[in-house]
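Visitor: Residue-level listing of the chains:
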Amino acid sequence: MVFQRKHILGLEELDAREINLVLDTAASMKEVSERDVKKVPALKGTTVVNLFFEPSTRTRSSFEIAEKRLSADVLNFTLSQSSVIKGETLLDTARNLEAMGAGVIVIRHSMSGAPWLLAKELHSSIINAGDGSHEHPSQALLDLFTIREIKGEIGGLVVVIVGDIRHSRVARSNIWGFLRLGAEVRVVGPATLIPKEIEYMDVKVFYTLEEALKDADVVIMLRIQMERQGSEYFPSLREYSKFYGLSREKLRIAKDDVSVMHPGPINRGVELSSEVADDVNSVILDQVSNGIAVRMAMLYLVASGGRNV
Amino acid sequence: MAGKVLMNSETMTETVTRITREILERNPDANKLVIVGIRTRGIHLARRLADQIEKKTGIKPPLGTLDISLYRDDLGIKDEWPELKKTDIPFTVDKKSVILVDDVIFTGRTSRAAIEAIMDFGRPSIIQLAVLVDRGHRELPIQADYTGNRIDTNTGEKVKVLLSETDGTDAVVVSQE
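Quick note, the sequences are listed as chains P and H, same order. Numbering follows the numbering used here, with no gaps: position 188 of the first sequence is 188. Take the position in the second sequence, starting the count at 1, then add 309; the result is the number in the numbering used here.
One chain only, chain H, in its complex shape:
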């Protein structure tokens, strides 16, 4: 595959383990944790984090899925709207510590939409954001609380996160478009 490999299967596993540890350090009461993955790849990362949390604490945090299509800020100007997929948050977020999970943070617009969506489900006591890669170029005042890898990119570059669940292998690759 063309492009620079930023993370391989081994470093990705290490990264998920480190983020799990950081989440538990900042949220000692694992009973309050709920994990919500942002479609599409955030879902699989969320599941991995939830599994690790269960392994470390014995507590299995509720796991949800969020599609942010209905909350995008570019619906009014975009030519092609995203295909709407299912959101599934079958538990309360009231008074919970919600960990939003996404593969890459870029402009911050997806994260903003996800925060707004979560607020429509209730009133969490805290919302935190975990990402595998922060590629910079924020357009909104939003930062991740847990970051796997921070890299400098040009806006023209593509950051591709491959996950074994959907792509058969674990890797992060940066390539020129």
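In isolation and in its complexed conformation, chain P is listed as follows:
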């Protein structure tokens, strides 16, 4: 199968075959990171720009490592040093980068939809590295990859997403991804953090963690985004943690071989207790190392798919 897309913007628009192609390609890419010489020449001569309008360490570093392992020329463009503070619009900034020869632009922006705007207006391939509270495709793809690697198959699994569903792009992308591959998806959190539009998605909504965890194969803990919300959604962190934090005790309700995921960075003692974070069921560090292979696959596929469009 050939990847026909020039961009990877969100999981909502990918079908199961496309998602599986990304995961299969990532499985082949993983071997490169296990070699002594962790570099292949596939993107030699391609310039990739990491255009980050929001602070990010892990996603940006992971993309940068992926780009370098594929021999791309990498340019990091972050808010603090950009012309945005001088008043340049997003589109003008991106057009300038394109004029400098950027073949692929990896963009993170606080505005939902920003990557689609660039995809429409520019000739470069666009990869969404997180837009507002909308989508975070590379995170969802690496979560799918990690689970497929551990469980063998996604179809039929019970996946529970816990916490701030309303503001989480990780939740939205994961819901689409796990649904496409045939899992049962449950969301759970305080009513204030469950968006009303959730009714239109094929997910089961719970308000108590204990109920949601019954028969769970996968638990995805979302980060409480202190920077993205005021305090009006729940009374206190302590109370949130008491009802929606994952302790070893609550985890016993799930299946014995449950996998616990977190997109990071963890607030230890808030979303999950320290012992759960370091437990054998935790796959948090697998997520991080798999992220490189998955992002290499995304870069390889958009660079190839882009030529037919």
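Worth flagging that the hints you see were computed from the coordinates, not collected in a lab. Careful: at least some of the hints might be erroneous.
[What the hints assert, rightly or not] Calculated lysine-lysine pairs in the DSBU-like style (CA-CA distance at most 30 Å, straight line):
#	chain 1	residue 1	chain 2	residue 2
1	H	Lys341	H	Lys313
2	H	Lys395	P	Lys38
3	P	Lys30	H	Lys395
4	P	Lys38	H	Lys364
5	H	Lys395	P	Lys39
6	P	Lys30	H	Lys313
7	P	Lys250	P	Lys214
8	P	Lys38	H	Lys467
9	P	Lys38	H	Lys404
10	P	Lys68	H	Lys369
11	P	Lys68	H	Lys395
12	H	Lys394	P	Lys39
13	H	Lys341	H	Lys467
14	P	Lys151	H	Lys394
15	P	Lys86	P	Lys151
16	P	Lys68	H	Lys404
17	H	Lys394	P	Lys30
18	P	Lys39	H	Lys404
19	P	Lys68	P	Lys120
20	H	Lys404	P	Lys151
The structure presented is a predicted model; accordingly, all values stated were derived computationally and were not measured.
Here the structure of chain P is known, so what remains is to put chain H in place on it, guided by the hints.
Guide: Okay, now just chain H, sitting in the frame of chain P:
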């Protein structure tokens, strides 16, 4: 099937046996041998060579698989990129005699990519190339060390290698496209 049959099951077995003998003549120390098949059909030929080497020497050479997609020289100009498959070389190539195995050598570009890929895994003492068919039309200064059959072809002709592992039968067929 349309086209001229260049090799049948019997002659293919003879050819693999002859290439095995030539490999062992040039590499008397079978302990240093590692066999790496280039995807897709090179993998099966590599396995056959490794089996024969084991039968003759009692030493089973390590067997690896190589996908050269990431090393192709036409990624910048090609419309459709190949689907990336797994590379699996779970042993060291340092100081080894690496036998690269492919079904057909044509332009030589696949072999070049394979050589570059192997070098990224370490520093072999020697790399040699074994092919079932050499159809000419080289675009790079690359030759096979072990050749099953050398034939003259037009660039428009198709050389198809069929193997029992994937195609249910052993044969090499030359046909007009």
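Visitor: Now, for every hint given, state plainly whether the structure supports it.
Guide: Outcome of the hint check:
1. A C-alpha spacing of about 39 Å is found between Lys341(H) and Lys313(H), which places the hinted pair above 30 Å, so the restraint is violated.
2. A distance of roughly 15 Å separates the Cα atoms of Lys395(H) and Lys38(P); the hinted pair therefore holds under the 30 Å criterion.
3. Distance hint between Lys30(P) and Lys395(H) is fulfilled; the C-alpha atoms sit about 9 Å from each other, no more than 30 Å.
4. Restraint check: the Cα-Cα separation between Lys38(P) and Lys364(H) comes to about 36 Å, which exceeds 30 Å; the hinted pair is violated.
5. For the suggested pair Lys395(H) and Lys39(P), the alpha carbons sit about 15 Å apart, so the restraint of at most 30 Å is met.
6. For the given pair, Lys30(P) sits about 42 Å from Lys313(H) by alpha-carbon distance, which is inconsistent with the 30 Å threshold.
7. The suggested pairing of Lys250(P) with Lys214(P) holds, with an alpha-carbon distance near 10 Å, which does not exceed 30 Å.
8. Taken as a hint, the Lys38(P) and Lys467(H) pair is broken in the structure, with Cα atoms around 36 Å apart against an allowance of 30 Å.
9. Proximity of Lys38(P) to Lys404(H) is assessed by CA-CA distance (about 20 Å); at most 30 Å being required, the pair is judged to hold.
10. A C-alpha spacing of about 37 Å is found between Lys68(P) and Lys369(H), which places the hinted pair above 30 Å, so the restraint is violated.
11. The hinted pair formed by Lys68(P) and Lys395(H) meets the criterion: a straight-line CA distance of about 20 Å does not exceed 30 Å.
12. Restraint check: the Cα-Cα separation between Lys394(H) and Lys39(P) comes to about 17 Å, which is no more than 30 Å; the hinted pair holds.
13. This hinted pair does not check out: Lys341(H) and Lys467(H) have alpha carbons roughly 36 Å apart, beyond 30 Å.
14. Simply put, Lys151(P) and Lys394(H) have alpha-carbon atoms about 21 Å apart, close enough for the 30 Å limit, and the pair holds.
15. With a C-alpha separation of about 49 Å, the suggested pair Lys86(P) and Lys151(P) falls outside the 30 Å cut-off, and the hint is violated.
16. Between Lys68(P) and Lys404(H) the alpha-carbon distance is near 28 Å, which keeps this suggested pair within the 30 Å criterion.
17. A hinted pair counts as satisfied when its Cα atoms are at most 30 Å apart, and Lys394(H) with Lys30(P) qualifies at roughly 11 Å.
18. For the suggested pair Lys39(P) and Lys404(H), the alpha carbons sit about 21 Å apart, so the restraint of at most 30 Å is met.
19. With a C-alpha separation of about 27 Å, the suggested pairing of Lys68(P) with Lys120(P) holds against the 30 Å cut-off.
20. Straight-line distance between C-alpha atoms of Lys404(H) and Lys151(P) comes to about 39 Å, which puts the hinted pair past the 30 Å bound.
In this structure, the earlier hints numbered 1, 4, 6, 8, 10, 13, 15 and 20 are contradicted, and the remaining ones agree with it.
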